[in-house]
Each structure stands twice: as structure tokens, then as C-alpha cells.
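Sequences listed follow chains A and B, in order. Counting in this note's numbering, the first sequence runs from 0 upward without gaps. Counting in this note's numbering, the second sequence runs from 0 upward without gaps.
One thing to keep in mind: the hints can contain errors.
Just so you know, same-sequence chains aren't split out, so a pair can sit in one copy or run between any two.
Claimed, not checked - Computed list of lysine-lysine pairs in BS3-like fashion (alpha-carbon distance at most 27 Å, straight line):
hint: 1; residue 1: K81; residue 2: K10
hint: 2; residue 1: K50; residue 2: K7
hint: 3; residue 1: K7; residue 2: K30
hint: 4; residue 1: K101; residue 2: K10
hint: 5; residue 1: K193; residue 2: K171
hint: 6; residue 1: K101; residue 2: K81
hint: 7; residue 1: K159; residue 2: K93
hint: 8; residue 1: K7; residue 2: K204
hint: 9; residue 1: K10; residue 2: K132
hint: 10; residue 1: K50; residue 2: K91
hint: 11; residue 1: K15; residue 2: K81
hint: 12; residue 1: K146; residue 2: K81
hint: 13; residue 1: K146; residue 2: K204
hint: 14; residue 1: K10; residue 2: K171
In short, the hints are calculated from the structure, not lab data.
Chain by chain, the residues run as shown.
2 protein chains.
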Amino acid sequence: MLSKNTLKFIKSLQQKKFRKIEGSFFVEGSKNVTELLNSDFISTHLLFTDKFYSGNQAMVDNFPGQAIHVTQKVLESAGAFKSNDSALAVAKIKENIEISVKDNEWAIALDDVRDPGNLGTIIRIADWYGIQKIILSEESADFYNPKVLQASMGSFSRIKFFYTDLSIFFSKTQLPIYGAFLNGSSIYNTPFDKGGILLVGNESKGISTELEKSVHHKITIPRFGHAESLNVAIATAVFCDNIKRSNS
Amino acid sequence: MLSKNTLKFIKSLQQKKFRKIEGSFFVEGSKNVTELLNSDFISTHLLFTDKFYSGNQAMVDNFPGQAIHVTQKVLESAGAFKSNDSALAVAKIKENIEISVKDNEWAIALDDVRDPGNLGTIIRIADWYGIQKIILSEESADFYNPKVLQASMGSFSRIKFFYTDLSIFFSKTQLPIYGAFLNGSSIYNTPFDKGGILLVGNESKGISTELEKSVHHKITIPRFGHAESLNVAIATAVFCDNIKRSNS
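All chains, please: the whole structure from these sequences, using the hints.
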């Protein structure tokens, strides 16, 4: 049975402040929960319904932490989803450890991408294009926000990420930095290196003037019509597609 | 002053049923309102704050319908936005008139894209890539849904659209139909014609088996990593980018 204290603990993790204090986060829904349980995250609690159990018996029976059978109603009271008939799992937040990007590898850097839906979608895009590392400015949305994890559709479990001061990070890398601007060179004519960092900026302000100095190649998606801009996740997908096409 | 009846009328337009009965819809926020007023839509009501008036005096003074000065509080009570300090405008819904796609033109067809945010984002993408026509199955999201218009970021005013039975529409066109599938040919190797129709499917079910029969070219975005799929709006952007690149 789910105790009042555990319920309170899980609900508190919707807020960044309590995720930090507890060093824990949760994910919801069958897809995200199974991806979490198959990853190297350390899971501590699993709330599951009959429905989830019937499809994932071994996973539940072998769960190393506290596995708690619940009704759909209780499950929905614990999480952030309006509707959830399968499962919710709590896991430990990973340490924010510096990651290095290899010479022949691509990574994405986010300068204050604040919308959780955008960050989650970018994580899913990175995972589609086989880009395994994301470097985030400290003002970017929190990776462990339930909306980020939901929008990532399970891809959060395969991406390495690091929150840092991007200008310091850039000063230490030898890789070329490609920055997304509205007035750069066309990506159709850009020869992308085998490795590099794709830097995209804030939803309304774009890339900060400070970080602009670190950019080696200003790049732009050609526009054929009249929309003023593209959403940051949409633009990231188009950049990744052009990078991978050029490298494949 | 805003009468109780007008307020009630505007609020009712959040529901598709009342949009149909009244033959009217509304948009909110400075960007969407100015785009609407600069388009060929027939606007009937304009609610504006001091702030909007100071930046758009001529537009307000020359408004052909009923221009009503309101406070931000009243404005927010009328619309669907949580916060709106500028304007809201009501306009007449256009008749659903069949559109034709020329031989050297590209159009997008949507098979039951039901999420309003996805439809709005696709409208913005189409407008960026200079694709001016969207054909929608009757079960697709409503173009005039406030969430669609908001996500379109003003691009709704530049796109022609037509709701119809797609299989009938396809039976009447000579254009090649390119359908988005997970097991088609790579878009990197697809020679796109000068004109055609890009067909994308429902968020969870993809393209229906009935419509699959009308598709001439099954196409796929190459995957380099492990995400199971891409969001439909993200995929549409990548397809449009490859089509336009191939044609430019």
C-alpha cells in the first residue's frame, strides 16, 4: 500500500526545489517508466497498476526498490499526468558531471532554452539523430521537470547532459561551434565537420551576445515564405538533419 | 464599453460548436491580431488596451467593425490566454472552398492530425517554407481553435486550407503524393518533383491504410539513434526542408 508519506514525497518532486533537496525525480506512463527501468538510473520506487503488471511482470517482480501496487486513481493522484493507467517510478538524480565531446562527435548546447516542452522535444530529436550529449546553460529548463521527461518520450534515459556556464565550456573545447542565427550562412551550403557543437538560443532572445563571440560558424535555415521564425525545437531538428545528412 | 452580450459571444467562440453557429472566431495577442487585421479576413470586433493603441493607432482608428477599448483584466476575461495586455479580434470564418494545387507547387496534407499545437506549428512551418496550401482530413484539429491560431504565430493568415475527404481529393490530383512512413525510402536519396503533396499522418496511428493506397512515394527521415519516432510537426519540418533544398 502507498503510505501518506510516500505519496507526499512523490508529489513534492513536481517542484524543482524538492527534487534538489531529495535528490530524486519521477517519470510517468508505461513508455517512460520502462525506459527508466532499463537504463542506468537508480530507481527507488515503482507504483504500478494491474494493467502495467500484466505486461511487465518480470520488471515489477525484479524491481530493486519499493514496488507498490496501486489503483489508477491513486496513481493519478501521485503524478502530474491527467490520466495514467500504468505506472510511475522514482529514481535518483545523477550528479552534474562534466562531459567531454570527442573530436568526431556532435553535441547540442542550449543557451537558456526555458520551455520544458521544447527541452523534452530536443532530447527526443537528439536521440533520433544519434547525438548523445547536451550541454545546457544554468538558466535552461530543468532536465528532471516532469514536462521535460514526458515530452522526451523515453529518450531522456539515453542522453548525457551537463549544466554549466557555456562560455567556460566553450573556452575549453577544440570543436567548432555552429550557432543558430537568423542572419547566418545557409545550412544548405555549410560543410559540417565530422564533429562539432550545435548551439541554439533562447526562445525569444536567441543566442546571447556573450556566447555569440564563441561561435565559429553562424548558420541559418533558409526561409522560402513569410513566417518570422521557427520554434527552437523545430529549428534544432532541421539543423541536426542537415548535419547528419552532410556527415552520412 | 464591452457589453455583457459581446463578452458572452466572444467567450463562446472558444468552442467549435459556437464558432460554427456564429461563423466567427477570435485571435489574441499583438502579433496574431495585427496579422489578422492586415489579412483578407473580415474582422468584426477589436478589443484593445491602451498599450496596443499606442503602438497601432491607425489600425485601431481605421478598424471597420466595432473597436472597444478595454482594460487588461477585461481582455483576459474574454479570451483564452492566461495573460494578454494588448488585443483580441473577432473575424468571420472563411467558407471551406476547394483549393487546387498547381503542377509546380507543393502542398501539405494532414491525415487526422488532432493536436491543436501540432497543427498550429505545422502552419508556421508551411509559412516558413513558402508552402501556402494545407489540405486536412475532416477529423483533423480545427484551424480556428484558439490553440491552433496561437501556435501558428500569425502564419494562419497566410495559409490557404481546405477540409475534405483526402482519398477523394487525391483521386482528383495529378500530383505525386509523398507519404511519411517509418519504413519508406530515405529522404536523402529521394528526388523530389517540382510539385507534389506531402502527406503526414495521425500522431499515434500514422497514415491510414486507406490513404496509404494513394501514396506514390513512401518516405522516411533517416534515424541515427534510438528514439522510436519524431513528433509529427518536427517530422513535417524536416520533410519540408528536404523538399525545398532539393528544389532550390
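Classify it for me, K10 with K132: is the Cα-Cα distance of at most 27 Å met within a copy, between copies, both or neither?
Close neither inside one copy (29 Å) nor across copies (45 Å); limit 27 Å.
K50 and K7: within-copy, between-copy, both or neither at 27 Å Cα:
within (24 Å within a copy, 44 Å between copies)
What label fits K10 with K171 when the C-alpha limit is 27 Å: within, between, both, or neither?
neither (40 Å within a copy, 55 Å between copies)
With 27 Å as the alpha-carbon cut-off, assign the pair K7 and K204 to within, between, both or neither.
Result: close neither inside a copy nor across copies, 38 Å intra and 37 Å inter.
Are the CA atoms of K146 and K204 at most 27 Å apart within a copy, between copies, both, or neither?
both (22 Å within a copy, 23 Å between copies)
Classify it for me, K101 with K10: is the Cα-Cα distance of at most 27 Å met within a copy, between copies, both or neither?
Close neither inside one copy (39 Å) nor across copies (55 Å); limit 27 Å.
I want to check one pair: K193 and K171. Are their C-alpha atoms no more than 27 Å apart within a copy, between two copies, both, or neither?
within (19 Å within a copy, 46 Å between copies)
Same-copy or cross-copy closeness of K7 to K30 [CA-CA at most 27 Å]
within (24 Å within a copy, 42 Å between copies)
Check K101 against K81 for me: Cα-Cα at most 27 Å, and say if that holds within a copy, between copies, both or neither.
neither (41 Å within a copy, 44 Å between copies)
Up to 27 Å between alpha-carbons, please classify K146 paired with K81: within, between, both or neither.
both (12 Å within a copy, 19 Å between copies)
Tell me, please, which holds for K15 and K81 at an alpha-carbon limit of 27 Å: within, between, both or neither?
both (20 Å within a copy, 23 Å between copies)
Reference check for the pair K159 and K93, CA-CA at most 27 Å: within, between, both, or neither?
Classified as within: same-chain Cα gap 10 Å, cross-chain 48 Å, threshold 27 Å.
When held up to the earlier numbered hints, the structure conflicts with 4, 6, 8, 9 and 14 and fits the remainder.
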